[in-house]
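For the protein sequence lines, the chains are A and B, in the order given. First residue of the first sequence? That's 1 in full-length UniProt numbering, and the numbers climb one at a time after it. First residue of the second sequence? That's 1 in full-length UniProt numbering, and the numbers climb one at a time after it.
For the record, the hints were derived by calculation from the structure and aren't laboratory data. It is possible that some hints are incorrect.
Calculated cross-link-like contacts (lysine to any residue; reagent style SDA-like; alpha-carbon spacing at most 20 Å) [to be verified]: (1) B:Lys94 / A:Lys94; (2) A:Lys94 / B:Lys243; (3) B:Lys243 / B:Ala149; (4) A:Lys94 / B:Pro136; (5) A:Lys263 / A:Asp118.
Derived, one-sided and incomplete: chain B residues facing chain A with beta-carbon distance under 8 Å [as the list claims (entries may be wrong)]: (6) Val83; (7) Glu115; (8) Phe135; (9) Gly154; (10) Asn230; (11) Gln257; (12) Arg260; (13) Thr453; (14) Asp458; (15) Pro459; (16) Glu460.
Everything numeric in this text was worked out from a predicted model, so none of it was measured. We put the CB at the ideal spot given by N, CA and C, even for glycine.
Protein chains: 2
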Amino acid sequence: MRAANVHSPDTSENAWDGFRPFRALARDAGMTRLRRTALAALPFFAIAGAAAAQGQPDVAALRDAALKDDLAWDITEGLTTEVGPRLAGTEAEKRARDWAVKRLTALGFANVRVEPFDMPVWVRGEEKAEIVSPFPQPLVLAALGNSGATPANGITAEVVGFESFADLQAAPASAVKGKIVFVSHAMKATQDGSGYGPFGTARRQGPSEASRKGAAAIVIRSIGTDYHRNPHTGVQTFAEGVKPIPAAALSLPDAEQLQRILKRGQPVRMKLVLTPRNIGKRQSGNVIAEVPGSDPAAGVVLVACHLDSWDQGTGAIDDAAGCGIVTAAAKRIAEAGVPRRTIRIVWFGAEEVGLFGGLDYRAKRGGEKHAIIAESDFGADRVWKVNSQGPATAKPAIDRLVAALSPLGIVQGSTTRASGSDIGPMAADGMSTIELSQDGTRYFDYHHTPDDTLDKVDPEQLRQNVAAWTAMLAVMAHAPEELASPVRPRN
Amino acid sequence: MRAANVHSPDTSENAWDGFRPFRALARDAGMTRLRRTALAALPFFAIAGAAAAQGQPDVAALRDAALKDDLAWDITEGLTTEVGPRLAGTEAEKRARDWAVKRLTALGFANVRVEPFDMPVWVRGEEKAEIVSPFPQPLVLAALGNSGATPANGITAEVVGFESFADLQAAPASAVKGKIVFVSHAMKATQDGSGYGPFGTARRQGPSEASRKGAAAIVIRSIGTDYHRNPHTGVQTFAEGVKPIPAAALSLPDAEQLQRILKRGQPVRMKLVLTPRNIGKRQSGNVIAEVPGSDPAAGVVLVACHLDSWDQGTGAIDDAAGCGIVTAAAKRIAEAGVPRRTIRIVWFGAEEVGLFGGLDYRAKRGGEKHAIIAESDFGADRVWKVNSQGPATAKPAIDRLVAALSPLGIVQGSTTRASGSDIGPMAADGMSTIELSQDGTRYFDYHHTPDDTLDKVDPEQLRQNVAAWTAMLAVMAHAPEELASPVRPRN
Numbered sequence: 001m002r003a004a005n006v007h008s009p010d011t012s013e014n015a016w017d018g019f020r021p022f023r024a025l026a027r028d029a030g031m032t033r034l035r036r037t038a039l040a041a042l043p044f045f046a047i048a049g050a051a052a053a054q055g056q057p058d059v060a061a062l063r064d065a066a067l068k069d070d071l072a073w074d075i076t077e078g079l080t081t082e083v084g085p086r087l088a089g090t091e092a093e094k095r096a097r098d099w100a101v102k103r104l105t106a107l108g109f110a111n112v113r114v115e116p117f118d119m120p121v122w123v124r125g126e127e128k129a130e131i132v133s134p135f136p137q138p139l140v141l142a143a144l145g146n147s148g149a150t151p152a153n154g155i156t157a158e159v160v161g162f163e164s165f166a167d168l169q170a171a172p173a174s175a176v177k178g179k180i181v182f183v184s185h186a187m188k189a190t191q192d193g194s195g196y197g198p199f200g201t202a203r204r205q206g207p208s209e210a211s212r213k214g215a216a217a218i219v220i221r222s223i224g225t226d227y228h229r230n231p232h233t234g235v236q237t238f239a240e241g242v243k244p245i246p247a248a249a250l251s252l253p254d255a256e257q258l259q260r261i262l263k264r265g266q267p268v269r270m271k272l273v274l275t276p277r278n279i280g281k282r283q284s285g286n287v288i289a290e291v292p293g294s295d296p297a298a299g300v301v302l303v304a305c306h307l308d309s310w311d312q313g314t315g316a317i318d319d320a321a322g323c324g325i326v327t328a329a330a331k332r333i334a335e336a337g338v339p340r341r342t343i344r345i346v347w348f349g350a351e352e353v354g355l356f357g358g359l360d361y362r363a364k365r366g367g368e369k370h371a372i373i374a375e376s377d378f379g380a381d382r383v384w385k386v387n388s389q390g391p392a393t394a395k396p397a398i399d400r401l402v403a404a405l406s407p408l409g410i411v412q413g414s415t416t417r418a419s420g421s422d423i424g425p426m427a428a429d430g431m432s433t434i435e436l437s438q439d440g441t442r443y444f445d446y447h448h449t450p451d452d453t454l455d456k457v458d459p460e461q462l463r464q465n466v467a468a469w470t471a472m473l474a475v476m477a478h479a480p481e482e483l484a485s486p487v488r489p490r491n
Numbered sequence: 001m002r003a004a005n006v007h008s009p010d011t012s013e014n015a016w017d018g019f020r021p022f023r024a025l026a027r028d029a030g031m032t033r034l035r036r037t038a039l040a041a042l043p044f045f046a047i048a049g050a051a052a053a054q055g056q057p058d059v060a061a062l063r064d065a066a067l068k069d070d071l072a073w074d075i076t077e078g079l080t081t082e083v084g085p086r087l088a089g090t091e092a093e094k095r096a097r098d099w100a101v102k103r104l105t106a107l108g109f110a111n112v113r114v115e116p117f118d119m120p121v122w123v124r125g126e127e128k129a130e131i132v133s134p135f136p137q138p139l140v141l142a143a144l145g146n147s148g149a150t151p152a153n154g155i156t157a158e159v160v161g162f163e164s165f166a167d168l169q170a171a172p173a174s175a176v177k178g179k180i181v182f183v184s185h186a187m188k189a190t191q192d193g194s195g196y197g198p199f200g201t202a203r204r205q206g207p208s209e210a211s212r213k214g215a216a217a218i219v220i221r222s223i224g225t226d227y228h229r230n231p232h233t234g235v236q237t238f239a240e241g242v243k244p245i246p247a248a249a250l251s252l253p254d255a256e257q258l259q260r261i262l263k264r265g266q267p268v269r270m271k272l273v274l275t276p277r278n279i280g281k282r283q284s285g286n287v288i289a290e291v292p293g294s295d296p297a298a299g300v301v302l303v304a305c306h307l308d309s310w311d312q313g314t315g316a317i318d319d320a321a322g323c324g325i326v327t328a329a330a331k332r333i334a335e336a337g338v339p340r341r342t343i344r345i346v347w348f349g350a351e352e353v354g355l356f357g358g359l360d361y362r363a364k365r366g367g368e369k370h371a372i373i374a375e376s377d378f379g380a381d382r383v384w385k386v387n388s389q390g391p392a393t394a395k396p397a398i399d400r401l402v403a404a405l406s407p408l409g410i411v412q413g414s415t416t417r418a419s420g421s422d423i424g425p426m427a428a429d430g431m432s433t434i435e436l437s438q439d440g441t442r443y444f445d446y447h448h449t450p451d452d453t454l455d456k457v458d459p460e461q462l463r464q465n466v467a468a469w470t471a472m473l474a475v476m477a478h479a480p481e482e483l484a485s486p487v488r489p490r491n
């Protein structure tokens, strides 16, 4: 069936009415050469390219060929090995940008460039905790982004425990003043990652709330789901006018140990040494590369990931894999012929520490016509659901996409709401968005920990991602319909 | 069937010929009171006790009651929470001994005491590693026991990689001199833990071998099977006359990262900071408690575990759980009536750093008559096999034990070889030994890492262990046969 489609594209199940031949393709010397070659003698991939050159991308064939993809792995392996951790605004992130420019250029993408911006940089220092009494022992923790610092020799104070952020909110300041606040909670793994929003409040708002009530410091149970001694860091920002206090996350084994100790009912004293620093503004940047389309008026298809990582892991699932996935898919579409729409790959900088890359892009380019925006930033496990938002005119293309994704085991989710992290503000502005939702069941086992390393990436599931993204681009970059939402952010 | 046995013990499937009534029991007021009470009104446990008092321990009933045990968990939870890490020879191990004496006394055991001994103490210092070139990034490692130290500001040298200890052995000194040796290897998880012996050579002998060849330092792939950034420490001892060098283990993700970097083919330079110290001789000790038996001439049944732990985890599976298991089983036998043989519980000190507790016990008490020795020190997962060694006279008892363990899913293994760690030298001397082998499939995921914490203990599997040990003690402490081997160590 697939081979028949390649040779007789008009009979393809995945063909659609009104698909326009691309005049630009006729001018492509490579494609012209392909037509002069006996198709049967060509590798499959070149055949798919020839099919596209005849004005008919074979979505199913491109999708299935992508199930053998190695490029996403190569990018993930290369970035995590040859750069490793790459905290936003540091020299390591600069090395990552250089690596990205070199790699994207070597892959043959057009308009490869860095769009720089400045952002404030916070760096981790020493971090130690111990129970002083009644049961002396060390605890493992990691400072949260923008944590305040203790003196070099630390602070010692009594611990007051709360089972949730809501309990901390409800507590009188007198219960907290001068103490080390501890917030535990019951986040469990979910496929769609929906626990991260509500339980993440302890990290995002806990430090400000504790500071407002006069706490000496705050330690939270990591916003994570694994039982390893690898705490989950993550950004938090003290609210306007709130004094920064030391703020850190305990690993789950340590958090439960502290809970057990508190339950013994004796006063618990903790010593805390945290010496992070704000080092001022530094340069970060977005790395951009393109597959030029034949119809500039059709708007760009933006496919995104982020290049920076937290400082303790090598950022394999967060988010080297995302960069591998979107880039491998774009490369496949480029090799299959010139798409109608320009595909713009953006490896955002400084996502982890406050979406600085996404916001910079939105400020500079949010006014350009974007047909579709999409981002891969939820690990490397398989895509299981597709959400979308866009105008009614995009519906036929969405329907074709849903059909093309079904053989990969992907179900349709929302048709009115899709988002992402760096692209989140633009999605909230109303831009047409596709969200290829990855299985997040084990994502929060590794997220923002030293454990985010290459071995957590399953090559087979990574390939399924590339297949899904390839199908998405094959449909959306070529779709004859108007995909762009009339609502666009002002810049 | 079981109830019938209780009321008519002579018909029990588990009864055996020649079983002697215990005259001592007649003097036990509690037992006498029990006989005057309507058995049907008593809780099951008291009934089992009454059965034993009538000279007939119901092995199956005791075993099955132990499947509801909570004591092993309480001991494991208590020791890991209220003491936490307890490195041999430190103040923490002293607190652990105090905790043990208090707990064993409260449980009603007899002759609770500490037998102290001195041993040399090595303590961890700072430990950091980073690739300096070609791809700068930190690596996570942990010093091995008795590691030498670098200067405070570290050393930087080129890395030379070997895939196995044998490859290091085969290498000329010229390939190693002045370099940081790296040994990777392919240890995989096994149910019986049999990979630990051969692959552990890299840790036990690698440092001496590297030092002999003039290496500046050695880092090995952790002797472990998990992909978390928690390196596996463990003891090694430099051979006589060999200069101590810095020696550490990389976590598996870090070891594979280093392998990938080395495979790029450029010279790899590593900076290493390791500042452990030898602090001289300190006191450790074995904690001993007993269930006195009625027949001193029958020899003691020794059930053992170790109290010390490595310094980074809380020693839950290694070996608080072992202490919980053997103690809970002994308590159940004590509650069921006075056994023929004295059951001696030993929580050994200073096992991790060189079996000092076991060797001290052997020197002091190895000349006493031991009917059977057994040790629980391989985690908290279920017992799946029973190995034994002993004289022909013990065979009927072994056969009854095998039959009693079968309903727990336990198979018979060797009948000529059984061992343990602290009891290993005495087993090698030829003492009669029972080895209740635990499933080690995931043991080396946590062994000797910060990840050895309470959450790794599965309460249901822990209870199965207690049931197996209870059955073992019910058979062996009461067995009428001669169990002791004529071979005994000299002391």
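These are the hints, each one checked on the structure:
no., hint, in the structure
1, B:Lys94 / A:Lys94, "violated, 51 Å"
2, A:Lys94 / B:Lys243, "violated, 42 Å"
3, B:Lys243 / B:Ala149, "holds, 11 Å"
4, A:Lys94 / B:Pro136, "holds, 13 Å"
5, A:Lys263 / A:Asp118, "violated, 47 Å"
6, Val83, "holds, 7 Å"
7, Glu115, "violated, 25 Å"
8, Phe135, "holds, 5 Å"
9, Gly154, "violated, 17 Å"
10, Asn230, "holds, 6 Å"
11, Gln257, "holds, 6 Å"
12, Arg260, "holds, 5 Å"
13, Thr453, "holds, 4 Å"
14, Asp458, "violated, 12 Å"
15, Pro459, "violated, 14 Å"
16, Glu460, "violated, 17 Å"
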